[in-house]
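Engineer: Each chain, written out:
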Amino acid sequence: MAEHATAHAHGETHHTNYVKIWAILLVLLVVSVVGPEFGIRTVTLITAFGVAIVKAWMVAHYFMHLNIEKKWVVYIMVIMLAFMLAMVGGISPDVLKHDGHNWEKLWEEPAPGAGGGAH
Amino acid sequence: MPYWYLQQASTFAGDVDNLVLLITVIVGFWFLAAEFIFFWLIWRFRARDGHKAAYVAGETKREKRWVSYPHYAVLAFDILILIFALRVWNDIKISAPPAEERIRVIAQQWAWTFVHAGPDGVLDTADDIRTVDDMHVELDKTYHFELHSRDVVHSFSVPVFRLKQDAVPGRAILGWFRPTRTGEFDIQCAEICGIGHGLMPARLIVRTPEEHRAWMAEASGMASATAGTGLVARVEGEGQ
Amino acid sequence: MGLPTGRLAVWWVVASEIVIFGGILGSYVMFRLSHDSWAEQAAVTNTLAGAFNTFVLLTSSLTAVLAHQAAERGDGPRAARLLHFTVLGGLTFLIVKAFEWTYEISHGYTIGSNLFWSFYYVAAGLHGLHVIVGMIIMLFVARTAKRNEELHRVENIGIYWHFVDLVWIFLFPLLYIAK
Amino acid sequence: MSAHAASHAEHGHHEQGFVRKYLLSTDHKVIGLQYLFTGMLMALIGGFTVYVFRMQLAFPGEEVPLWGRVTAAQYNALVTTHGSVMIFWVAMPVLIAAFGNFLIPLMLGCDDMVFPRLNRLSYQLFLLSALILIASFFVPGGPFGGAWTAYPPLSADPAYNATPWGATLWLIAVALEFVAFLLGGINFITTAMNSRAPGMKMFDVPIVIWMIVLASLVFMASVGPLIAGAIMLLFDQRFGTGFFNPATGGDPVLWQHLFWFFGHPEVYVVLLPALGIVAEVMTTFSRKKLFAYRTVIFTAIATSIISFFVWAHHQFVAGIDPRMAGLFTVTTLIISVPIAEMMFIYIATLYGGSIRFTTPMLWALAFIAEFLIGGVTGIYLGAAGSDVYFHDTYFVLAHFHYTFFPIAFIATFAGLTYWFPKMFGRMMDERLGKIHFWGTIIAFNVIFIPLFLTGAGGDHRRIFDYSLFPELAGLQGLRVLATIGLLVLIAFQPIFIYNFINSMFRGKVAGANPWRANTLEWAAPSPPPHGNFPEMPVVYRGPYEYSVEGRDEDYWPQHVPPDDPKRPAEQVA
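If you're matching them up, the sequences are chains A, B, C and D in order.
For what it's worth, the working numbering labels the leading residue of the first sequence as 1192, then goes sequentially.
For what it's worth, the working numbering labels the leading residue of the second sequence as 148, then goes sequentially.
For what it's worth, the working numbering labels the leading residue of the third sequence as 118, then goes sequentially.
For what it's worth, the working numbering labels the leading residue of the fourth sequence as 501, then goes sequentially.
Careful, some of the hints might be misleading.
Stated by the list, open to error - Only some residues are given here: those of chain A computed to face chain D with a beta carbon under 8 Å:
1) Y1266
2) F1274
3) A1277
As the list claims (entries may be wrong) - Reference listing, derived: stretches of chain D covered by chain A, where coverage requires no fewer than 3 residues with Cβ under 8 Å from a Cβ of chain A:
4) 743-753
5) 811-821
Hints were generated in silico from the structure; no laboratory data involved.
Each residue gets a CB set at the ideal place from its N, CA and C atoms; glycine is no exception.
Just chain A, with the same shape it has in the complex:
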C-alpha cells in the first residue's frame, strides 16, 4: 500500500489499458499518413490535422492523466492555448494576409529554391 502514498491524491487506481490506447494511436497515425495520398484538400486537412487533434487529445487524456487530474489543471492548459489562439487571431490580419485596408505587401513569392540557393 506504500505506493499509494505517491499515487494520485484522490487515491483512485485507474485501469486504463495503455497498450490499447497506443494501438488506437498507431491506427490514427496510419490514417493521417494515408489520408493525404488521395490528394483531396478537405480529406488532407481532416486526416492530417483533425486526426492530430484527436491523437493529442488521447495522449493528454490517457497518458498525461488529464482524465483523472484536477480539473483546474485542464483549465490552465486550455487558457494557455486560448491565449495563443487570441494571439494568432490578433496577428493574422497583418501577417497572414497579403493585403488589407490601405496596405499591401510588395514581395513576390520567392522563386522556389529547389536544390537550395545556399550554395
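Keeping the supplied structure of chain A fixed, place chains B, C and D upon it in accordance with the hints.
Structural biologist: Okay, now just chains B, C and D, sitting in the frame of chain A:
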C-alpha cells in the same frame, strides 16, 4: 495641447486636437478629483493622539458603493472617449476622401525621397519630380500618399498634420492628407532606424496653387540635371 | 491545491512550453497559409521518416506511461527499465532525424534556403532540444527509481515526455504531411 | 513537509564559508538579496546611461563629464541600454525576484522555496544574462542601439544596425533573462500553492504575494511567443534565415506583434508587485484593514487577463490593419476600468485610518499620487485617434515613466525601507530617508512634466540632436529643465545609498516587529535565520486585521491564537 506649440495644417489636425482637449477635460476632472480626495484623506486621517483607526472591511455593498460608483463613471466616460477617438481614427486612417493627386514617399537609411506627380498630376509618368528630403504639396488639395521603406522600419511623421505612419519594408501603406495652411514645416522620422535616426529631418513645403506650379516648372527643368546623381538614381531603380 | 509539488511544477513547465511552441507554430501556420509555394518545399520532406518518428515517440510515450504504472505499484526496477526503453525511443528519434537532416542538407535544403526550411529546422530543432533534455532528466530519474527512491519523479518526467510527444504530433502534419 | 525537515538537517549543523553562504546559497533570503543587489548595481548602469544622453539632449555636441562627446551611435546604444536595463535588469529582478524570493516563504510561513536549487539556478542564469549584457559594451561595433523593442530588420541585419555582436549579445541576454524568470516564476507559483502555513487559506494570503504570483503567471503566459521570436531573430542575425525579412517572404510586423504580446503584459508583470508592496505599506501605516481585499484580487485578475488583449495599441501606426487598431482601442480603454477601481480602493483604504508618515508610507502614498498621472495620460495613447499624434513622441516617454518610475523606484523604495528591518535587523534613518524622499519626488516631477510638454510640442523620441529641427528649437528650455531635474534626482541618490549601507551596520537595532504589522514575516526574528521561523507559525486570520474593535492593540498578527488577544507579536518570535 498640441496647438499651443504647433500650427494645424491639415483637415484632421483640428479633430485630433479636439479629441486631445476632450480627453484632457474628462480625465483631467477625474484626475484632479481623485488627487484632491486622496490628499484630503491623508490630511484628515493623519495620526493624532487618542484617535484609533476605524475598522472598515469594505466588503459590504454599502461600503463598496464608494468605489463601484466611480468605476461605473469611468466606464461611461471611457465609452464617450471611445466614440470620439474611433471617429477621428476612422477619418485619418480608414476612410479617405477621393484623391486629387498621389505622392510616393520612400524612406531609407537616412533620407526621404518624395516622388511628386509633376505637371500632369499622374504618378509614374515621365514628368514625375523626385526630391530628396523635401516634400512639395499644394494647398487645399487631397493627396494620397504611398509609403515605402527600402531597408528598415521608419515612420513618416508630420507634426503639423498630426499625421504619423510607419514605413515598413516589404509593404506599401496608403494614407491621405489635405494641407490647409501654406508654409514650411518639419517632417521627422518617428521610429528608430539606426545610427542616423536623428539625422533624418525633411521639410514639408505647402504652397498656393500658383506658387506650386511655378515650383514644378522650375523643378522639372532641374530634374533632368539631377537624375543621374547617386541617391536619386538608386531610388529610381527601386521606387516601383 | 491538492497536487504534489513536483507534479504541480511540471504542469507549470508544460504551461510555459505551450506558449513557447504556440509562438513558433502560430507564426509558422500564418506564414504557411500566406505562402502557397511552400507546398513544393514540404513535398521534399520524407513523410515516411516523419511517420516512423511519430511511431517511435508514441511508443516511447507508452513505455513512459507504463513506467509510471510500475512506479505506482512500487516496482522501481521495472519503472527504470521502461524509462530506459523510453530513452532508447528518444535516441532512435534523434538518429532518424539526423539521417533526414543529413540527406536534406546534402541536397541543398539548408536553413537559409527558404523560409519553409528555416521553420523546418528551427521548430524541429527546438523540439529535438526538448527531446534531449527529457532524455537526460529521464536517465537521472531512472537511476533513483531503480533503487525504489523518489518514484513520484517517474510520473513527473512522464508528463513532460508526453508533452514533447504532443508537440511532435502537431509538428508532423505541419511539416511533413500538408503539401 | 518532509523536504523542510531534510533541509533543516542539511543546513543546520555546520558553518558555511563566505562563498557557500552568500554566493552559492540556496536560502531564499540570500537569493532575494542577491537579486536586490544585482538589480541595484544594474540601476547604477541604467542611471549613468540616462545621465549621459540627457546631458547630450540639453547641451548637444558638448563634452559630457565622465563620458565625452556623444556620437549618434553611442546615443542610440545608451538609450537602448537604459530601456532594457531598467525594465529587464532592474524592475523585474527587484520587484519580482528580490521581493518575491525574500517575502514569499516568510509571508507564507514556510522555511524556504519548494525548489531551492532551482531558485539558485534562476539567479545564476539571471546573473549570467546581466554579464552578457555588460559584455556587449566591449565587443567590436559596440552595444546594440536599436531600442529595447528591437524591431527588425534593424535588429536583424548588421548591415543596418552596425552592431554585429552587440545585437546578438543583447538578444541572448534578454532570452536568458526570460528563462531565469520562468524558472523563478514556476518556483514562486508552486510555493504559494503548496507551502502555505497551516490555517492560511487562499484569502488569507497577503496582497503582495498574490500580486507577485499573478505577475509570475502573466509573465509565464506571455513570454513564450517572444522566446520563440527571439530564437527566430537570433537565427535571422547569425544563421541566414529570413523570418522577419520581407525579401525572403518574412514579415517584420510579426516581430512587433510577438514583442508586444509580451511587452504589454510585461507592464502589469512589474505593476502588480508594486501595487502589492504599496498595499502592505499603506495598511500597516494607516492602521487600517485593506478596503475590499477580495475586490483587489479580482480586479488584479481581471487586469491580468485583459492585458493579453491590448498589445497592438503599441502598433496603431506601425502598419497594422487600421480596423484592428479600432478593436484594440476598445480593449485598451476597457483595461482602465479595473485599474481605476484598484486605485479607488487604495484611496478608500485611507478613509478612517490613522496615518503615520514614516518614510515607507511617504513612498507608498507618492506611488498612488504619481501613478495616477501615468494612468490618466495612458488614455491619450490608448485612444487611437490621439495616438496618431502622440505615438513615439516624448509624451509617450513621459507617460510610461510616470508608470515605470513609480513602479520600479517609488514602490521599490517603499518596499526597501519597509522591509529593511526584516532584511538586516536594523532600522533605516528616518531623517535621511525623508530628505531622500522629497528630493527624489520633486526632481522626478521636474524631469517628466516638461517632457509631456515637449512631446505635445512635437519632439520625437530617440533623436540625439534636435538642432536639425528648427521648429523644435523653442522647446530647448524644457529639455534643459528636464535634464536639471535629472541631475538633482541623481544627486539625491547617494543619500539613500549611504543611509542603506550605514544603517545595515550602525542602524538602531530593530525588534522582530518594529512596525507592529500583522503579516507572518514579522513573526520571524530580524534578520530571519536559515529556516526562518524558530517554530513554524499557524495562521488564524487574514493579513490586514488592524484596529479591530474591542482590542487594546491596534494590530492582530496572523499567527497569534485568538484565545490570547493581548499577546504582542514580539513574545512569539
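Engineer: Please go over all the hints and tell whether each is borne out by the structure.
Structural biologist: The hints, checked one at a time:
| no. | hint | verdict |
| --- | --- | --- |
| 1 | Y1266 | violated, 13 Å |
| 2 | F1274 | holds, 6 Å |
| 3 | A1277 | holds, 6 Å |
| 4 | 743-753 | holds (count 6) |
| 5 | 811-821 | holds (count 5) |
Of the hints listed earlier, the one the structure fails to meet is number 1.
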